[in-house]
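K.L.:
Each chain, written out:
Protein chains: 2
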Amino acid sequence: MNLTILGCYAATPRTFTNPTSQLLEIKNHLFLIDCGEGTQVQLRKNKIKFSKINHIFISHLHGDHFFGLVGLISTFALLNRTTDLHVYGPKGIKEIITIQLRLSNSWTHYGLFFHELESKESEIIFEDSKVVVRTIPLKHRVYTNGFLFQEKKGARKLNLQAVQNYKIDTCYYQKIKNGGDITLEDGTVIINEKISFDPEPAKSYAFCSDTVYNEGIVPIIANVDVLYHEATFLQSEAALAQKTMHSTAQEAALIALKANAKTLILGHYSTRYENISLFEAEASLLFSNVLLADDGKLFEF
Amino acid sequence: MNLTILGCYAATPRTFTNPTSQLLEIKNHLFLIDCGEGTQVQLRKNKIKFSKINHIFISHLHGDHFFGLVGLISTFALLNRTTDLHVYGPKGIKEIITIQLRLSNSWTHYGLFFHELESKESEIIFEDSKVVVRTIPLKHRVYTNGFLFQEKKGARKLNLQAVQNYKIDTCYYQKIKNGGDITLEDGTVIINEKISFDPEPAKSYAFCSDTVYNEGIVPIIANVDVLYHEATFLQSEAALAQKTMHSTAQEAALIALKANAKTLILGHYSTRYENISLFEAEASLLFSNVLLADDGKLFEF
Chain A
1 MNLTILGCYA ATPRTFTNPT SQLLEIKNHL FLIDCGEGTQ VQLRKNKIKF SKINHIFISH
61 LHGDHFFGLV GLISTFALLN RTTDLHVYGP KGIKEIITIQ LRLSNSWTHY GLFFHELESK
121 ESEIIFEDSK VVVRTIPLKH RVYTNGFLFQ EKKGARKLNL QAVQNYKIDT CYYQKIKNGG
181 DITLEDGTVI INEKISFDPE PAKSYAFCSD TVYNEGIVPI IANVDVLYHE ATFLQSEAAL
241 AQKTMHSTAQ EAALIALKAN AKTLILGHYS TRYENISLFE AEASLLFSNV LLADDGKLFE
301 F
Chain B
1 MNLTILGCYA ATPRTFTNPT SQLLEIKNHL FLIDCGEGTQ VQLRKNKIKF SKINHIFISH
61 LHGDHFFGLV GLISTFALLN RTTDLHVYGP KGIKEIITIQ LRLSNSWTHY GLFFHELESK
121 ESEIIFEDSK VVVRTIPLKH RVYTNGFLFQ EKKGARKLNL QAVQNYKIDT CYYQKIKNGG
181 DITLEDGTVI INEKISFDPE PAKSYAFCSD TVYNEGIVPI IANVDVLYHE ATFLQSEAAL
241 AQKTMHSTAQ EAALIALKAN AKTLILGHYS TRYENISLFE AEASLLFSNV LLADDGKLFE
301 F
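Just so you know, the sequences run in chain order A and B.
Sequential numbering of the first sequence, starting at 1, is according to this note's numbering.
Sequential numbering of the second sequence, starting at 1, is according to this note's numbering.
Chain A with its partners taken away, still in its complex shape (with noise of 0.2 angstroms):
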């Protein structure tokens, strides 16, 4: 599990900071994660292939989190995708891209599709046998989603040595990565856990931007191996997080040390901190595993 961070800062473009975008790799899936303007640029920085991104999660319609969506949905068209894209974001994000796709006469040639969000619930919004996608409902000025995504549990790994010994047919293989027992000719039953090994662990990863600090999101992003919390602000701004409903570095700490979050990264920083360590220092008073989104950087998990 890759994440490319490709813009993380709120608010407006800058020349050397990027309104909040970013890239996930899961199994073989590229998702991107809101498309604030520029992204575009940013992907081609970062060399990242276009053409494997096939679905875009959008978290709110705040121009940072989305104004970049249909210059790169333009930019598909030009480079003659024919894959299918699909959208998943605010009730609304259809009609804004495809009006002006009509009156740029520009209408793609690939499938679009859109998924509207408008549940207040955290719902399934993407499966597949590998990958499952929920929104956390997060608080907000406006309607907003964040996204849990969640790698399944593989099939379990065989045990060679211990299936040859016991001179299991081949055929059988595929019930012992399913889980299931097997009984010999002479009857005997050997039980799964002695032939086959416990699959690679499942990871997850939840992106919650933007939100006041809300503890409901905590049942469901439990355990979650990596949460991505916004942190426009520092504790000393607090009034200012709760008015704008954004959180601080602290109230960010706070939730993955509740959700018993295994890694705690933070990002969406305000512009007026010249310094952003400041983010990393005062989260890392409540939570231990703290790291800092930057734009251009790649985390490995």
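Hints listed in this document are in silico derivations from the structure and should not be mistaken for laboratory results.
One or more hints might be untrue.
No copy labels: a pair is met if it fits in one copy or bridges any two.
[To be verified] Below are the BS3-like pairs computed for lysine-lysine, each with C-alpha atoms no more than 30 angstroms apart in a straight line:
no., residue 1, residue 2
1, Lys-243, Lys-152
2, Lys-52, Lys-130
3, Lys-297, Lys-45
4, Lys-91, Lys-157
5, Lys-47, Lys-297
6, Lys-49, Lys-152
7, Lys-52, Lys-167
8, Lys-91, Lys-139
9, Lys-157, Lys-167
10, Lys-177, Lys-45
With chain A fixed as given, assemble chain B onto it according to the hints.
P.N.:
Relative to the frame of chain A, chain B by itself:
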């Protein structure tokens, strides 16, 4: 009259090339012409005072000419702008912007005025005491206008020495600046040319992008000082230019020649060409005063 090229490459924004946007400084106005994705960052990189832009002209509704507009308008709001902003562009531009501001719940606190264009004839769209702006109907795949910016002829300049020699009272100075003759107390008439100088020549700038080769614009831009004309392709790709309704460098030069322009600036290069000096070479065969636009370049006239 200063022209800053913020972006002058066709199609998609890339790591080192930006889509169309330019800033014209004329008679204390800062006019922004087109606004591709990333324009606000280009404005910052070129250290331009955002807040002084009060008029934005959009040629047509292809993404590489307007996808940066909504972001710029939003950033103006975040920067607490209070001055009115006027946007001139094809019918539809208002709907595109307002739907995004409405759905993102971020309506501007400053006055935002849309002047939607749909005429196929040249028309005056802005005028004050010093400048007039007219549309230049272009031919492209969607409804498109170029823009002709013309300084108005200023007042004549007082010939102070002559005025004092004739002992003309200061109360007549404005009349002289306005071109009037003066009758002295003894009845002698002093013709204006004897007591004043010609005003500074009024300058003009024509922006013509995107367009197929179109001689129909020649009468509108006749004798223009500076013509920016798109040259997406070289003549070797003339068929492609015709098909996509763009121009070649040779065609741009032919328009400059027929319009008796003083200077031709080329831009809107396809990113297929690695060396833009080929455009200058081709156009220079027909027209002597060719300049090449490039991102970040400042032209002073």
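K.L.:
Confirm or reject each hint.
P.N.:
Evaluated hints:
1. Lys-243 with Lys-152: neither (38 angstroms within a copy, 50 angstroms between copies)
2. Lys-52 with Lys-130: Close inside one copy (17 angstroms), not across copies (53 angstroms); limit 30 angstroms.
3. Lys-297 with Lys-45: Intra 12 angstroms, inter 23 angstroms, cutoff 30 angstroms: intra and inter.
4. Lys-91 with Lys-157: Answer is neither; intra-copy 43 angstroms and inter-copy 62 angstroms both fail.
5. Lys-47 with Lys-297: Both: 13 angstroms inside a copy, 27 angstroms across copies.
6. Lys-49 with Lys-152: within (25 angstroms within a copy, 52 angstroms between copies)
7. Lys-52 with Lys-167: neither (43 angstroms within a copy, 82 angstroms between copies)
8. Lys-91 with Lys-139: Cα proximity of Lys-91 and Lys-139: one copy only (16 angstroms, versus 37 angstroms across).
9. Lys-157 with Lys-167: Answer is within: at 17 angstroms inside a copy they meet the 30 angstroms cutoff, but 108 angstroms across does not.
10. Lys-177 with Lys-45: neither (41 angstroms within a copy, 57 angstroms between copies)
Checked against the numbered hints given earlier, this structure breaks hints 1, 4, 7 and 10; the rest are met.
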